[in-house]
Amino acid sequence: MKLQAARRRRQTVFRRVVVGLLCLFFALPLLGMVEFTTRAPGGGRTLATWTTLFDFNVIDADYPELKTGVLASAGLVLLTVAIMLVMLVPTMTWVRLRLPGLRRTVEFVCLLPLTIPAIVLVVGLAPVYAWVAYFLGESSLWLAFAYVVLVLPYAYRALDAGLSAIDVKTLAEAARSLGAGWPAVMWRIILPNVRTAVLSASFLSVALVLGEFTIANLFSRDNLQVAINQLNKRDSSLATAAALAALILAFIVLFAMSFVGAGRRSHHPEEN
Amino acid sequence: MGALLGVLPFFAYTTAFLVVPTLIVVIGAGLDGSNRPTLGNLAALAQPQIASAFVHSVILSAVTAVLGAVFGGLLAYAVSTAREGGPLRRMITSLCGVLAQFGGVTLAFAFMATVGSEGFLTLWLRKIGVNLAGSTWLYEPDKGLILVYTYFQIPLMLIVFLPAVEGLRPQWREAAESLGGSTWHYWRHVAGPILAPSFIGAMLLLFTNAFSAYATAAALISQGSPIIPLQIGGTLSSEVILGQENIGKAMALGMVAIVAVVMTLYAVLERRTTRWLGR
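Same order as they appear, the protein sequences are chains A and B. The first sequence maps to residues 3 to 274 in this note's numbering. The second sequence maps to residues 217 to 495 in this note's numbering.
What you were told as hints is all true, and nothing was included just to trick you.
Label-pair restraints from in silico Cβ distances:
{"no.": "1", "chain 1": "B", "residue 1": "Trp388", "chain 2": "A", "residue 2": "Lys69", "range": "56 to 62 Å"}
{"no.": "2", "chain 1": "B", "residue 1": "Ala219", "chain 2": "A", "residue 2": "Pro66", "range": "49 to 55 Å"}
{"no.": "3", "chain 1": "B", "residue 1": "Gly218", "chain 2": "A", "residue 2": "Phe261", "range": "37 to 43 Å"}
It is worth saying that the hints were derived from the structure and are not from the lab. All C-beta atoms, glycine included, are put in the ideal place defined by N, C-alpha and C.
Isolated chain B (complex conformation) (with noise of 0.2 Å):
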């Protein structure tokens, strides 16, 4: 009983910080504005700028987990080709490891200074007569978004990904060889299969990345709330119309739940990985 009182301060902090904020998300998404139970707040997420929000952020995160993966992969296969403990090898890892966290306000001044409408490459590329300047394509979430948001899911790409890629032995290559097998037949029949469920947990990982990103998308689009995060965001910061307080709660369960399924499928890709990579 008295060991039991050396963990009490960490589960009382986790259940006020963590816990309570969570049931305070799923129980507040069935209840109305007087505390009665409802399905109101669920049947809401129908509506449609909060539906379009939801697609829009699927799409978006899908569209840049792919792309963070194949580029990401690509640069972590690379990297992993150089000399373990090498400069290289240490710059890009903790290049890569910023540029995947420190995103936010940063990255969207970043892209705003490059291609927003007095950026650099757009004066630049308005001089050989190409018109970035006269649209808002940088802040809509098919185009502008995609790019951002690719920007931080590439470096997480190298961080999830390269312990993988350096699970592959030197062996198992030389193996191939001696058995007069070409690079593709190495990729195709042992590399492939090997690193194929690390790359798609991967691509995951990157995909509940994006769908949870807020601060990039805020400091960058100040008109509309295109994609959920910021649906969620401004049901905080604006007046609630009456018999909808909850629905904010009822978005953010419906984030958890898209969360909860893919973060699943990784679990069990997860445990597939290891038994190949012994890791």
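Okay, chain A solo, but in the shape it has when bound (with noise of 0.2 Å):
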């Protein structure tokens, strides 16, 4: 017993000490960010970058590439989700039960964008966009094609995870023995009982799509990183303001995620 507590002291220490320093090394950007963005002209203070950063009539009339990227990106992040969420869903629960045999094919589908950087998928994906280009027009907002096929691993899993816990099969023969259509078992059996899991995959691709830089900078479409990038040429105080904003705006949503897969964990008791 001496021993344990020994080294649950000294496990404190350690646990102290490593946390300490790293949270210190992941700081100091941030503080350089926030010092950065106020600075006043003859030195001091001021929060004038960020007033103007949250002044809409400012940024709509003297930064329009900052509105257009803002906007680019909340329709990249809806139009994303909706494909993921609709192709996805129905997909991996037809394959679970009519064609069990083509699970890992899907699996394997779904995960080889992890071993395709985004800078060579953007090499193969240039002539399918002026394929696209062709058939849809310019519009920043296709580039939600590509950026669903970034998130497919990581939707894949967490939506995996969420069919996996129920049984799939059971539910469903039992909503059409009742005389429930397909369109019915997906939307009213299906989906409320892997709403954790759709959350997740969404709260996912949500903060993916928000960091995305390459292909939309390569294709030289806007989106919100993009537009950061170029208003940093002009102004970069409020460039790096509107980065740290995003940044924690991603934060925000993957801390709200992680209470959501919280609430699904203590169902089951703790193994110690």
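With the hints as a guide, bring both chains together as one complex.
If you want it as structure tokens, here you go:
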């Protein structure tokens, strides 16, 4: 017992030192951004940059590229999440119900983007996007097609965990025997049962789309990160403030997600 | 037959936006400007600037994978000693979730605001006689980029490695202690060998993460293309020389080949990990 108490004390000291030092390393660049965006011209501190960032009239009039980028990213978030859910949830459910032999194939395809760097995908997507532009026009919104591919591995894992936790087959058969059609099974039986998984897949997609730069930049389309990068050439203080604001937004999204996941886990008693 | 119709949209979509782009890269790397087979694109990878970009990329990824794995591994162990579901664990895991994914432009700005020529640490260090602003160290692949990349590698390591550390059972430690083993013995003969495959596996994952990264370097470096993702980006945005249209595809294929080797090693290690940690 004495040995354990001594070890626990040592562990506490070790934990505080390691977490403290690394959090300092994580904090310094973030502090740098706060410090940089609050510099006043003659020395001293000012919040002018931040009031500008949240003054929509000024942004609208003086920084149209930022407005375009924010709107484009908002649209991309919605479209990416929508395509991802509409495509993945029915497919994964259907494969479990009717085509279990295809499960490995679907998993392989979904995890494939992990081995293909985004920059490589851009090279291969260039001709594909020439066709997209031909049929649908040049809108930045169509980047969502590529973003769905980027989020595929993360969304697949989250949804797969959710579907594994319920008995899809029994639920679907019960609903079918009571006269429900397939759309009703999907919408009223499966979806409510994998709510948590759908939420975490969506949150991950939101965080990824908000941070995406590579594809949008190389295809010369607009999104939040491209706008921030362009803005940096004109007003680096405002660009840095916008980047920090987007980072905080993503942190809030992921922090909220950690509570969603915790809600489900609390049903299982802890091992120790 | 009717059942297959249900998966048609999924396979049609992934064919158009994943399989076809991959094939375009693989096949295009072997074609010249007028679509005749050639090995010229692959031979062009030996050009000094492309070869050195590959070397820079591999070194940068390897060094930051090791640094990230060591510091991230320590952090994961430290966090695992805190109470499960407690505020520290939740804060650190969500913080790392963001920092690992959100690199890119934000990270580049953050480091410019900190250790760039007008950064607050630079100004502060100047007061005590250390001059960081004199050189372009922040923008070089073997100096500044290592620091910046390590910043997103450590959080990723925590996310990947924490489940493995949490798999260590307290009973194993108690068993080692009841047999008279010291902390060193425990780590050398029990925890070390059990964690080694997941540690190396996580390091390989970190390698591919750094190797694939484009955004951070693109936002940070405005002149030259010292690493391979920037070289590929350059072939997309600038005018291409006649007869070299598909060199970008050959470089992309080279990247995929390196990532594929690393990921295969990772899959092999993963199989070993599951044997012990029973995940």
